[in-house]
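Chains as they are written, first to last, in the working numbering: chain A, 33 to 416; chain B, 14 to 463.
Derived from the structure by calculation, the hints contain no laboratory data. It is possible that some hints are incorrect.
Claimed, not checked - Using 20 Å as the maximum straight-line C-alpha spacing, the simulated EDC-like pairs for lysine to aspartate or glutamate come out as follows:
id : chain 1 : residue 1 : chain 2 : residue 2
1  : A       : K406      : B       : E422
2  : A       : K404      : B       : E248
3  : A       : K404      : B       : E419
4  : A       : K407      : B       : E248
5  : B       : K398      : B       : E446
6  : A       : K75       : B       : E343
7  : A       : K75       : B       : E327
8  : A       : K404      : B       : E422
9  : A       : K404      : B       : E397
10 : A       : K55       : B       : E397
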Amino acid sequence: MNFLRKKLDNLKRPFGKGQKWEKYAPAINAFDTFLFVPNHTTKTGAHIRDAVDLKRTMVTVIIALIPALIYGIYNTGYQYYSQTGETFTFVDAFIHGSWKIFPMIIVSYVVGLTIEFIFAVYRGHEVNEGYLVTGLLIPMIMPVDIPLWMVAISVAFAVLIAKEAFGGTGMNILNPALTARAFAFFAYPTYMSGNKVWVSEASSMDGISGETILGTLAAGGNINYSFFEMFQGSIPGSIAETSAFFVLIGALILIATGVGSWRIMLGGIFGAAVVGLLFNLWGANALMSFSWINHLVVGGFAFGLVFMATDPVSGAQTNKGKWIYGFLIGVFCILIRVFNPAYPEGVMLAILLMNVFAPTIDHYVIQGNISKRKKRWAAALKTV
Amino acid sequence: MSNGISIKRGANINLRGEAEKFLTEAKPSKTFALKPDNFFAVVPRLLVKEGDLVAKGAPIFYAKHDPRILFVSPVSGIVKEILRGSKRKILHVIIENKNDSVTKHDIKMLSKLDRSTIVEILLNSGAWPFIKQRPYGILADPDIIPKSIYVSSCCTAPLGVDFEFLLKNDKDSFQLGIDVLNTLVKEPINLSIDASFSGFLEKIKGVNILLVNGPHPAGNVSVQMQKHLPINMGEKVWEVRPEDVANIGKLFSSGEYSAQRTIAVAGSSVVQPQYIKTQIGAKISSLTSLTGVKDSSHNRYINGDVLSGMSESEHGYIDFYNNLLTIIPEGNHYRMFGWLPFVDNKIPSLSKTSLSWLFGNKGYEVDTNMNGEERAFVVTGEMEKVFPMDIYPMQLLKACMAEDIEKMEALGIYEVIPEDFGLIDYASTSKIEAQEIIRNGIELMIKEVG
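Use the sequences and the hints to build the structure in full.
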């Protein structure tokens, strides 16, 4: 460790204060602090600090994503082989999926982190860790066959327009990963929806039945999947969204470590369940009569609610606000699914919509605290 | 009369090296220092120059905004050095302890004195700075009658002081001090004591007792005020530290300014953590020579607790409002891959991304490492968990950063002082310097609103 530390210190010398590469220091610091928690000591304020930092928090989210990612990789292969009819093993499916998905992850990280590094150097601040999560989320919510250059452009759009234009990490209004998906969705609709995009290489094969469940329902078709299949996730869909089971494992990790807000997750489930139940009672078409419990496990609802609605930056920040924000995401997700046949899946738009309204929700929650205080002031003035 | 104050949100950080209930008299310190910086928002005007002879209780400087407020010498001796910083700002007035001359004040029986005479005695004797005022935590304004006065004997900060023990030889002075303070307000003094044990403080007369229960920051006066009777706009409330109540009592019984300070020397770097009796402004080395310090070259000396205290060099002096000297190791070391969850669990953490709760039985040994770098505000909800007041801490911090005075008022800036954000500094994932932001916010309020 000491040897490595000395090497690094030597390497960093030209980036020091007053040295010739000083302004590129954030770039080298990002690598250094990845290896070592720095030796910085407290200067002002509290003299001791908690062991937690943003790196640890973000890495925890990545750990929570891994079960869904691994299943997503397997399911990509599973969907492909079950359509072609070839016999296959778990390893075959996994290898097929890996060849599809790892290039997307690499493209996402390379493009996104490059932009982040450029902005860190340009603005003279350290590289924030937020993109480590965003960069993994983006490929996980894309259809498997989306061309890599589209991934690259979507990433660039999300990081530049949704994040850096607002001032970088911590300042963005919209969740960057969902912005990337929304961009791809509206810019390249043929690659993002329909019945040919959800199964690997489906566009080059004939006779594919690769429609998602919600797509089938929107088109008025019948569903041949059992609840267990939907829950376990061996269904077509965006790469990592299909398995409610593995998303649930991620959710448990996020809740147990306190990194993800259980209020938002629970609020969202309530919202979706209530609206789903109401539609079940109405039951005018196939989507309305689709059981509310199935609504919770199909499509991207679970994945979006657990990993994207809980983004602390774009979500509501007050505890009361989190309940409302989560609840409304659930409500709008089901509303969009049922009422808008052009968008079979509503969770992306529901979260983006509520991202926009999160500051408003917080505003009213905080206003409650303010008016309580002002009433107290007024009462005190009267008694004097 | 008594009220209960029960706090749920907050955290106790159990650190190693708590001061043992063992009271020693310090070897007389050779030099003492008064530090104008100890008095928030005070601009000092010197009354002495280097080489002057001063008696104990003789004025050293006064406050520019109110020349009646005098700051007096804790010991008799000679003004050895006036240490200045940039822009000739006065940092320390150092007094070398020699001979035993004392300034005497002629003070009648308390029952024969009226309020204005008592205020005058407190001002003239130099005891006035013992009284601090909310909002802002500034020195009390002698021209007003405050809504109430709070004395908190409950200390919940890490390695906190036990005032019950500390004042055990000063019961009568404490009672007299309370009687003096009671002449300054209409309502009885609010004395908060730890609900979990009782001692002589519970038997003090003429007070409204607040029984405080819960984790840190339950001992902070701001928290107690907010749960008891929150400060409204325009109201002024005073606060006196327990030992200073006894000092005021001693002034009225003896006619001499009393600058007694009992310091708990604590922390994992202290060989024999204990309580030591000395005077305000004593040299730190006069205390550490008694307790011993491990590996003295790499320690952080903190005037106060680890969350809200001020760092001081080992050759420095004890602060004015302070009963605790914490000494912990510095943390300028690297930790390879220390950012991984569930790694380095010996570092105490309120986050569930660490297993540190398994290692806390005997207390944690902490150092001053940042354990990460400063980042933008990202994680939400963590501040609220350690902030028991009915205030949105993150929003108040942002209002302070934006210098939005109207919002700062509406969100509760009048009800807080920087130390209330000590735990937030500690717990913040993004390593936000919350106390500094609040301090700047309060300075702005004083400048713009007054």
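Consistency of the hints with the structure:
For the hint linking K406 of chain A to E422 of chain B, the alpha-carbon distance of about 10 Å falls within 20 Å, and the restraint holds. Restraint check: the Cα-Cα separation between K404 of chain A and E248 of chain B comes to about 17 Å, which is no more than 20 Å; the hinted pair holds. A distance of roughly 16 Å separates the Cα atoms of K404 of chain A and E419 of chain B; the hinted pair therefore holds under the 20 Å criterion. Among the hinted pairs, K407 of chain A with E248 of chain B is consistent with the structure: their alpha-carbon atoms are about 15 Å apart, no more than 20 Å.
About 17 Å separates the Cα atoms of K398 of chain B and E446 of chain B, which keeps this hinted pair within 20 Å; it holds. A C-alpha spacing of about 11 Å is found between K75 of chain A and E343 of chain B, which places the hinted pair at or below 20 Å, so the restraint holds. Proposed proximity of K75 of chain A and E327 of chain B is supported: the alpha carbons are some 16 Å apart, at most 20 Å. Our distance criterion of 20 Å between C-alpha atoms is met by K404 of chain A and E422 of chain B, whose separation comes to about 13 Å.
Pair hint K404 of chain A plus E397 of chain B holds up; C-alpha atoms about 18 Å apart against a cutoff of 20 Å. Simply put, K55 of chain A and E397 of chain B have alpha-carbon atoms about 37 Å apart, too far for the 20 Å limit, and the pair is violated.
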